[in-house]
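Those protein sequences? They're chains H and Z, same order as listed.
Those letters in the first sequence? Residues 1 to 361, per the numbering used here, in order.
Those letters in the second sequence? Residues 362 to 697, per the numbering used here, in order.
Quick caveat, the hints were computed from the structure, so don't treat them as lab data.
Any given hint could turn out to be false.
FRET-style restraints, in silico, Cβ to Cβ [to be verified]: (1) 302(H) / 585(Z): 48 to 54 Å; (2) 488(Z) / 18(H): 48 to 54 Å; (3) 517(Z) / 302(H): 27 to 33 Å; (4) 486(Z) / 31(H): 51 to 57 Å; (5) 178(H) / 478(Z): 26 to 32 Å; (6) 37(H) / 568(Z): 58 to 64 Å; (7) 34(H) / 493(Z): 29 to 35 Å; (8) 347(H) / 562(Z): 57 to 63 Å; (9) 576(Z) / 31(H): 54 to 60 Å; (10) 588(Z) / 113(H): 36 to 42 Å; (11) 482(Z) / 43(H): 34 to 40 Å; (12) 482(Z) / 18(H): 56 to 62 Å.
Footprint (simulated), chain Z over chain H, 3 or more residues, beta carbon under 8 Å [stated by the list, open to error]: (13) 66-72; (14) 127-137; (15) 271-280; (16) 316-323.
C-beta: ideal position from N, C-alpha, C; glycine also.
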Amino acid sequence: MSLLQSTQFRPDPSANATRRALLRTWPEFQNPVAWLVALILVIMPLIANGFFLIEIFATTLILGVIALSLMFLAGYGGMVSLMQLTVAGFAGYMVAVFGMSGNANISLGWPWWLATPMALALATLFGTLGGALAVRTEGIYTIMITLAIGAAFYYFTNQNWAIFNGHTGINTVATPHFWGVDWRSDIAFYYVTLGVAAICYFAVQYVSRAPFGLALQGVRDNPRRMAALGFNPNAHRIAAYAFAAFIAALGGVLQVWNYRQISPGSVSVGACIDVLIIAVVGGITRPIGPFIGALIFVLLRTFALDVLIKLGLDGNRFRLLIGLGFLAIVFWSSDGVIGLWERWRRRNASSTQRSGGGRHG
Amino acid sequence: MARFIERHPAWALIVIIAVAVLAWLVFAIWPPGLEAAIGRKRVFLNAVLNGITLGGLYFLVASGFTLIFGLMRNVNLAHGSLYLFGGYIGYAVSTWTGSWILSFIVAFIAVALVGVILQLAVFRRMEGQDLRQTMVTIGLSIVFADLMLWVFGGDFYQVQTPSWLIGPVQLPLLTAIKSSGEPVYLQYPLVRLVIFAASVVIGIAMWLALNRTRIGMIVRAGVDDRDILAATGVRIQLVFVLVFALGAGLAGIAGVVGGTFQSLSPGEDTRFLLASLVVVIVGGMGSIPGAALGAVIIGLAEQLGSVYIPTYAIVVTFLIMVLVLALRPQGLLARR
Chain H
1 MSLLQSTQFR PDPSANATRR ALLRTWPEFQ NPVAWLVALI LVIMPLIANG
51 FFLIEIFATT LILGVIALSL MFLAGYGGMV SLMQLTVAGF AGYMVAVFGM
101 SGNANISLGW PWWLATPMAL ALATLFGTLG GALAVRTEGI YTIMITLAIG
151 AAFYYFTNQN WAIFNGHTGI NTVATPHFWG VDWRSDIAFY YVTLGVAAIC
201 YFAVQYVSRA PFGLALQGVR DNPRRMAALG FNPNAHRIAA YAFAAFIAAL
251 GGVLQVWNYR QISPGSVSVG ACIDVLIIAV VGGITRPIGP FIGALIFVLL
301 RTFALDVLIK LGLDGNRFRL LIGLGFLAIV FWSSDGVIGL WERWRRRNAS
351 STQRSGGGRH G
Chain Z
362 MARFIERHPA WALIVIIAVA VLAWLVFAIW PPGLEAAIGR KRVFLNAVLN
412 GITLGGLYFL VASGFTLIFG LMRNVNLAHG SLYLFGGYIG YAVSTWTGSW
462 ILSFIVAFIA VALVGVILQL AVFRRMEGQD LRQTMVTIGL SIVFADLMLW
512 VFGGDFYQVQ TPSWLIGPVQ LPLLTAIKSS GEPVYLQYPL VRLVIFAASV
562 VIGIAMWLAL NRTRIGMIVR AGVDDRDILA ATGVRIQLVF VLVFALGAGL
612 AGIAGVVGGT FQSLSPGEDT RFLLASLVVV IVGGMGSIPG AALGAVIIGL
662 AEQLGSVYIP TYAIVVTFLI MVLVLALRPQ GLLARR
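Chain H on its own, in the form it takes in the complex:
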């Protein structure tokens, strides 16, 4: 920021234009709250202990990345895909299969720098193929086909012992270890997830303003008109699936490193729906939504038990709470927590405007 400000003193019009262009591309850079959140996230290891760092914040970031891929498809492409977690789980399985794990008869034992790109590529391919299937029908059918793909993958991992090791899954998956750093140690892993989440966040933000993202939003709003303008709606949709699949795959790789194991339970239908809940509760209009939703979800999942018991209720009813909260959000705020927040701010702004007598005008 200070660097950008110092350029103002120089009477160089081109530098000023670059600065304006930069701000137009990244309006977040002007928002002090965004800088504050970024600062807090970066110095988090100083504040939080290992439990909070991994169980709350790293988990939030990972789930946020997976939900971000759904947000990208649903928010900009109008395609609610329930298979994003399946793509992530596929990537996780591929890391376990190609890399090293406790199940030596299944894992091929490749080093992580070979297994991870392989897993990312295969999962992206998987997501793209699934997307190519899903775009053959429109609108509401997407949700059914992607749910069917997700459920079929779940049952397949349960049945198949040769690659996916049945319902026990693959355990003690090796995590990367290089430059003398164990990247699965709490603080290092936190920074890895933070870095990946930040890259994904800014990538989605950037793509949404790039010509491709704008065309995708056009396809979402009026595919026939976009086709008449010479765009290929299905090609844009499939490309969106590919991009989202890559993001989901990144989340999946982080997830398998986080838990060091993967089993059909990680790709169950319930988990697929959890990702949808996270995205919808946070809000599918903006990339920050999935992260907010993930934070709420993880906090609820971790502490609902204690809170419910403290209130004298049955602690096992966590999913009931999640379901009811999701229903409430769907009923009253179609754009999630972000929508609630924005409406609240607008109401506040309009009330101060009225009392201040048009000071802002």
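Guided by the hints, dock chain Z onto chain H, whose structure is given.
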């Protein structure tokens, strides 16, 4: 039929050959070479019959799903929960009163009532918002699943088969000829055949109700164009409630059937939701004959798959769905 053969001679030929091969496999005595290659005929016949009867169960679940979707454009992802709820109700009634028939009636009425409440209290408020309705059904399925887990726990339940249906029955299908020249006939559980016959009867009754009665005419008109139907003065909300009740009630009956065939436990709701999704995607959304065809195809694929390629059985089901989506995205028997 004749038009189909005229328009797609190649497909018609493939279908005829497939049916002929299947008929030969079912009725002929297998030569020893074939038995050596793919196993005993008894295993095959059992798998086929299991697949067809499972298809009957899938049809019961999926027909309600496809009816609700066809008329109201509501993808009811809580349909699996309705199935499981019906199963639990049937279990409770049959253990309490000891009557198997009564459990069907009570399950139908109870689940249909849930459907009426859902339609009146929830879906009516968000008509025309497909995505929001679907999200609501997802939320409802989570809430229902947890409530049922709360009440019934994670145990397995099985609805007691009535005594007059227990035991095998001899079918006029030859499985082999003994060395003494004596023919061996296939033994098959009676209850599955009865349930299959019942689902065929229900299917035919639904087809007749849809195609031969006034209310069926209204429903079909609503599937084609809801707005024009409403404009002609039909009380469309009433039709919606009736259809939702019928669809939900069918899921409830299917729950009792599934509880007798197999067992009831948490997780069955997703299984049958997936089954009905795949069935209606294959058969065609909103089409009752499509649901019947899709149910038999998926049931057969699942059973034959689990006998002959156990670890990849689900892939067969999935490949059928992919194939249909690739060649005929609207489903096999859908008009649009």
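The hints, checked one at a time:
1. 302(H) / 585(Z): 48 to 54 Å: For residue 302(H) and residue 585(Z) the Cβ distance comes to about 50 Å; the hint holds.
2. 488(Z) / 18(H): 48 to 54 Å: Since the Cβ atoms of residue 488(Z) and residue 18(H) sit about 51 Å apart, the hinted range of 48 to 54 Å holds.
3. 517(Z) / 302(H): 27 to 33 Å: 30 Å, holds
4. 486(Z) / 31(H): 51 to 57 Å: 37 Å, violated
5. 178(H) / 478(Z): 26 to 32 Å: The hint (26 to 32 Å, Cβ to Cβ) is violated, given that residue 178(H) and residue 478(Z) are roughly 59 Å apart.
6. 37(H) / 568(Z): 58 to 64 Å: For residue 568(Z) against residue 37(H), whose Cβ atoms are near 60 Å apart, the range 58 to 64 Å holds.
7. 34(H) / 493(Z): 29 to 35 Å: 30 Å, holds
8. 347(H) / 562(Z): 57 to 63 Å: Holds, at about 59 Å.
9. 576(Z) / 31(H): 54 to 60 Å: 59 Å, holds
10. 588(Z) / 113(H): 36 to 42 Å: The hinted range 36 to 42 Å is violated for residue 588(Z) and residue 113(H), with Cβ atoms some 59 Å apart.
11. 482(Z) / 43(H): 34 to 40 Å: 49 Å, violated
12. 482(Z) / 18(H): 56 to 62 Å: 57 Å, holds
13. 66-72: It is violated: at least three residues are needed, and the segment 66-72 of chain H offers just 0 whose Cβ sits closer than 8 Å to chain Z.
14. 127-137: With 3 residues closer than 8 Å to chain Z, the segment 127-137 of chain H meets the three-residue bar; holds.
15. 271-280: Since 4 is at least three, the answer is holds.
16. 316-323: holds (count 6)
Checked against the numbered hints given earlier, the structure breaks hints 4, 5, 10, 11, 13 and satisfies all the rest.
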